[in-house]
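**Student:** Given the coordinates of chain A, work out where chains B and C should sit on it, guided by the hints.
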Amino acid sequence: MKFALSVLFFGVFMVAAHSIQAAEPTVSEATSECLECHTIVHPGIVESWQKSRHAKITPKQGMSVEGLARKVSSKTVPDVLQDTVVGCAECHALRPDAHADTFDHNGHDIHVVVSPNDCAVCHSTEAGQYEKNIMSHAYTNLNANPLFGKLEARIPGRAKLTDGKIAFEPPGDATRAESCYYCHGTKLKVAGSEVRDTELAGEMEFPIIEGWPNQGVGRVNLDGSRGSCSACHTRHTFAIEMARKPHTCKECHVGPDVPAFKVYSASKHGNIFSAMNKSWDFNAVPWTIGQDFTAPTCATCHVSLLVNTDGDVISERTHQMNNRLPWRIFGLVYATPHPLSPDTTIIRNKDGQPLPASLDGEFASEYLIDEKEMNKRRQAMQAACLNCHGSSWVNGQWKRFENTIRETNSDILTATIMMKDIWEKGLADFTINPFDEAIEKKWTDVWQLYANTTRFASAMGGGGDYGVYAGGRYQLTQALLEINEWRTVREKLNGASK
Amino acid sequence: MKFALSVLFFGVFMVAAHSIQAAEPTVSEATSECLECHTIVHPGIVESWQKSRHAKITPKQGMSVEGLARKVSSKTVPDVLQDTVVGCAECHALRPDAHADTFDHNGHDIHVVVSPNDCAVCHSTEAGQYEKNIMSHAYTNLNANPLFGKLEARIPGRAKLTDGKIAFEPPGDATRAESCYYCHGTKLKVAGSEVRDTELAGEMEFPIIEGWPNQGVGRVNLDGSRGSCSACHTRHTFAIEMARKPHTCKECHVGPDVPAFKVYSASKHGNIFSAMNKSWDFNAVPWTIGQDFTAPTCATCHVSLLVNTDGDVISERTHQMNNRLPWRIFGLVYATPHPLSPDTTIIRNKDGQPLPASLDGEFASEYLIDEKEMNKRRQAMQAACLNCHGSSWVNGQWKRFENTIRETNSDILTATIMMKDIWEKGLADFTINPFDEAIEKKWTDVWQLYANTTRFASAMGGGGDYGVYAGGRYQLTQALLEINEWRTVREKLNGASK
Amino acid sequence: MKFALSVLFFGVFMVAAHSIQAAEPTVSEATSECLECHTIVHPGIVESWQKSRHAKITPKQGMSVEGLARKVSSKTVPDVLQDTVVGCAECHALRPDAHADTFDHNGHDIHVVVSPNDCAVCHSTEAGQYEKNIMSHAYTNLNANPLFGKLEARIPGRAKLTDGKIAFEPPGDATRAESCYYCHGTKLKVAGSEVRDTELAGEMEFPIIEGWPNQGVGRVNLDGSRGSCSACHTRHTFAIEMARKPHTCKECHVGPDVPAFKVYSASKHGNIFSAMNKSWDFNAVPWTIGQDFTAPTCATCHVSLLVNTDGDVISERTHQMNNRLPWRIFGLVYATPHPLSPDTTIIRNKDGQPLPASLDGEFASEYLIDEKEMNKRRQAMQAACLNCHGSSWVNGQWKRFENTIRETNSDILTATIMMKDIWEKGLADFTINPFDEAIEKKWTDVWQLYANTTRFASAMGGGGDYGVYAGGRYQLTQALLEINEWRTVREKLNGASK
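Residue numbers (our numbering), protein chains in the order written: chain A, 189 to 686; chain B, 189 to 686; chain C, 189 to 686.
Here chain A stands alone, though its shape is the one from the complex (with noise of 0.2 Å):
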């Protein structure tokens, strides 16, 4: 059986050669001690962490790596982090005096809640990116928006039926944290604190943190900071794998209002993914377009660092993620340029409502990118596109989405001056709140769902069904039908019963 002993020697062979090569991975004091209990009692984060690179690898180590394939973008990261893996002390034991959560935790000064901040020490570009990303700021942008509140007060509000009408109350937080902030991201707050008894350790005080669970992406954070990079990180692995993989994206966006994984999954693209994905290097950094992967996901559109089989650069790595984007196609209440600031509350149009565009559609443009922006991002998005598309396919493709954003406003437009005649004659109420009665909610469902479902499929190279029949343009066409007809019920109602 000399064979088999060569098999053998070869295995322990491998595992030594796979050893050297991940130079011994450095737990520190601090993590050790987590590990002891936690190992015990939250195995299942214990052994997602130690699949992750953070387990293996150290940010020195990390730092050694030059060029495109680097991931660690701080420059320098304190000496205390260098020489050891990343684990559970140096993320929640991190900048103790900036987390309000900071307790104490059998000697060590514990937060709960780990924040973009904690993250920026080694990751200092990105967090540096995301700051600037619209979705940092989706708590804010929404609950500070007046005319947003009253659009959230009638879809997740308290439904209150009083007097034979229903009126609704802003919902309470339980409700809000698992609605619109469950991905908008919730604001956290201390408490105060709570004595819970434990398995290994007895009685133990810990903080009670309001808005808690949450990781949505403009989480206001217990240091100030904005998002949580696990809302596609995903503790404790944080695998960029899973970041790349469109599965992550569809957690929020998924919906009639923003259905982006529905019609990417039903695009050419989407189906490439689906049938060969299996064969892809979901790893690889930089990204090789055609030798890693062969149709985008999301991630490649939007984020990506992106490069092609010579290694140039064809895309820039990005957590801003709306620079490859000219347009904001989520209508509020029209598609428009996407705005200027990360903080929408300080935009008003003409008439002064805080929204990117009149209700008679005219963009605030002082508050939106301009058209040079607007050409920079068109071409960085494209830069990709023509790696696997000839110029013309490129063009025409274009040609039809920009077609499809006029089409779909002047929809909203058809839509909206019809409900301006419902609101002058009375019919509908505008003032108390333009969003709360069934005939307007059947214009919301125009401009939120089926004119956005019809640009997602649209921007998606075409998209099939989520264009017509699947609430595209099928559905658009006949709210506009059934907004005019009970236009018409209503008035001749109305004169009848005079």
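No lab work stands behind these hints: they were computed from the structure.
Worth double-checking, as some hints may not be accurate.
Since copy identity is lost for identical chains, a pair holds within one copy or between any two.
Result set (DSS-like, lysine-lysine): computed pairs, CA atoms no more than 30 Å apart in a straight line [to be verified]:
hint	residue 1	residue 2
1	K377	K456
2	K613	K630
3	K680	K353
4	K538	K353
5	K375	K456
6	K348	K587
7	K248	K320
8	K560	K320
9	K263	K630
10	K320	K338
11	K320	K263
12	K587	K377
13	K608	K353
14	K239	K456
15	K630	K353
16	K680	K608
17	K375	K680
**Tutor:** Coordinates of chains B and C only, in the frame set by chain A:
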């Protein structure tokens, strides 16, 4: 080419080793006879079976496994079955006297439909648990509930237009079998026999079985037992891998009335599954949290035997499936604590209706589990959560879930109060059928579609769009507005036309 | 390290063996020229092609395969193509005189759009079958049917609000190309040429092609042929694996009008695919039931060459795709036997309308296949089913399917009788456009969305929720109730306002 020879030798050696390990699978004489023909006429079935554990292991081998890894739960298995693998004859010729469809087939007493009582010969614990599963009563609970019969008439029933009105007659058997009873299960009945010309043996006689084919979870079988193990353990591989993946549950839990799969696949857990499951071990028994998988599937939370990395049992295996569920969030009309008995036809609310709550929302508590049992089930569920989440996370999530149950129940009450007014004013008729008019269907939308979707989104950790725009609160509150508008307009119209 | 050397040697040996098998792929001189630049400007395309069988095998090698494994169906292939792999020039410079978009490109006559007639040089049988496929006529069948033109105007058409009424104008070309014609295919037309500045060669002239890009199944090409093989055989890998996976079909068969993919993925077959396909062989030709796969995909039932484990042919390969389909379940307005000719513009019902049935449900039988052909197609379909299901299963399932066709057609008749009354009473207008009013759209919902969804659920073996709550019978019967309610209220209202 010494090396090449080694490879060849190694290959032979491995085949031999494999054979020794699997101990020369012995196929019974009866099954060999089956295979002679059926390998030719039904090669797909035979190939599937050959991939199964049943084709490789004898019951005796299965019974020799000690501890948590044991799959044969019966303490005794008839001697005649112990030493051959589980093939065609072992199941389809088992307990011939018990099955009404037993017929002579080439000298063997064969029955077409294998039932849970057949499976129970080796898997008695699971079969016993399943009898307590409300799913095993899914046929009777629907078919023998007179109120649900009225709902069934309205949905798949036969619509007849007479004198300008649409009335509904109960659906025929063919329609029933592929609408409600596709999932609930049909009632099988032998209706005689027929002679068919067969490819290999000329004319042969077979039983005619009404309600066949069907694999619904509450199928009433020809031995009087209830359910179909192959609903989840798909024939003829019966792979635990398949039962543990969420696509099995999707077969019946995907529509807006019970959108578990859709919500799951948009949840953080579903994202992790979609992106990473290719490296999970779906065959390990017991199933180790963190090691074999890094996020739960449906089976993880509701069925599987789970252990932590120390091998401690976190969750006992259950085929009752609701013993980790305090609440029944599928509203009839309201979400309530789970019924005490799997037979829900015995339930009467305070008004004598066969529903777990009255139409004004009062629970029929004597038929439902009490708070003590609810707490026990909550803890059984949370035991799994706590392996990857801290207490404050789990408790915070649970509070939101119970808030959502209260709030959706409150919205259903609002809808029902308006409907009562509508019924009392004679704008619609309650007595003949409370489900068969357009406005009544809007009311069923509220509790059967939108409230359910909102609760499923909450139950699975937030659910993003499914709690808001994708059939959740956005549609729920709109339905309230539309019911109220209908009520107002109809009263006006009735007044005007007098 | 004798063993390590052996491994090295073995590696070299395998590469050599592989090279011998693949016989040194020879790239033609013309293709080499293409690759010189396009490897730089379109690396994604080149990488995809390099993964293809086209890049590895010459037609001569393909033609040397005998029997069922043969993929080159043409008996003769021009000598000039036989000894090089199928690269850029082999397709894009083929038959230059036939293509209106042929242009001089660095001394070569190149056309942008490769057509089925190009592919037919090697794959003549498949191209010939595809000409008989109703899909190849998808452009004309929609575009040249005046009634469908009215439907198209209502859906993606331009809505204009004039004098309080909404009227629809036909959609523009850009909208058409990304709504109906995205799947149906556009009509391509050369509209001149343009000079573009290119990265590597400065200014170059290219044809301007209206309707480009498009890969719809009925695309009218610049050589007059119909269809686009890359609709399913995605460029430039053209992998049979991708065409055989259901995501390809999903590109056009996912919306509520034709929800094949959604129904499939919730079916038992789809569950098996989702859970187990990672271990299937999607490249084997012929495709062996049970061995290469254990449940059908779309291609299995509708396209592929299937054999059983004995190598007997179960189903012949077909690109006509409806020769295993007796019924056309996509209702226009009713489900009918399949049309005789792929050109459906010739069909006239008894009332002279271009529909396969009259509005009262009578089939236009002279344009449809007869019962004999229907039986032949049913048997061709069932031949595959019977490999994994007994006769009673298959027959039982089929009876339900035909029951569902009858019942949904009956429901459509009920809806249409009410609409006729509405049209006759002048509550809506039939003549100008029977699809452009709100109530008319509810009628199209019945036959185009809910009846279709119900039938697809039935056709694929039950379909659970899609036959009931997920756009099936629940919505179908509700639409009947709503149409009737609308009719009653409108009559009342008209009376009251007189």
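**Student:** Cα distance capped at 30 Å. Does K608 pair with K353 within a copy, between copies, both, or neither?
**Tutor:** For K608 and K353, both the intra-copy (22 Å) and inter-copy (15 Å) Cα distances are at most 30 Å.
**Student:** Give the relationship of K680 and K353 under a CA distance limit of 30 Å: within one copy only, between copies only, both, or neither.
**Tutor:** Both: 22 Å inside a chain and 15 Å across chains, each within 30 Å.
**Student:** With identical chains treated as interchangeable, where does the CA-CA distance between K348 and K587 reach 30 Å or less: within a copy, between copies, both, or neither?
**Tutor:** Between. Shortest inter-copy distance 22 Å satisfies the 30 Å Cα cut-off; intra-copy 47 Å does not.
**Student:** Could you place K375 and K680 in one of the four classes (within, between, both, neither) given a Cα distance threshold of 30 Å?
**Tutor:** neither (48 Å within a copy, 46 Å between copies)
**Student:** When no copy is named, should K263 and K630 be tagged within, between, both, or neither for a Cα gap of at most 30 Å?
**Tutor:** neither (53 Å within a copy, 60 Å between copies)
**Student:** Within a copy, between copies, both or neither: where do K613 and K630 come within 30 Å Cα-Cα?
**Tutor:** Both. Shortest intra-copy (18 Å) and inter-copy (28 Å) distances satisfy the 30 Å Cα cut-off.
**Student:** One pair to classify: K248 and K320, alpha carbons no more than 30 Å apart. Within, between, both, or neither?
**Tutor:** Close inside one copy (28 Å), not across copies (58 Å); limit 30 Å.
**Student:** When no copy is named, should K680 and K608 be tagged within, between, both, or neither for a Cα gap of at most 30 Å?
**Tutor:** both (18 Å within a copy, 24 Å between copies)
**Student:** From the Cα coordinates, with 30 Å as the cut-off, is the pair K630 and K353 best called within, between, both, or neither?
**Tutor:** both (18 Å within a copy, 18 Å between copies)
**Student:** Evaluate K587 and K377 at a C-alpha cut-off of 30 Å and name the case that applies: within, between, both or neither.
**Tutor:** Classified as between; 17 Å across copies, 47 Å inside a copy.
**Student:** Measure nothing new, just compare the shortest in-copy and cross-copy C-alpha distances for K375 and K456 to 30 Å and report within, between, both or neither.
**Tutor:** For K375 and K456, the Cα distance is within 30 Å only across copies (20 Å; inside one copy 39 Å).
**Student:** As a check of your reading, is K320 near K263 (CA-CA no more than 30 Å) within one copy, between copies, both or neither?
**Tutor:** within (20 Å within a copy, 62 Å between copies)
Against the hints set out earlier in the document, violations occur for numbers 9 and 17.
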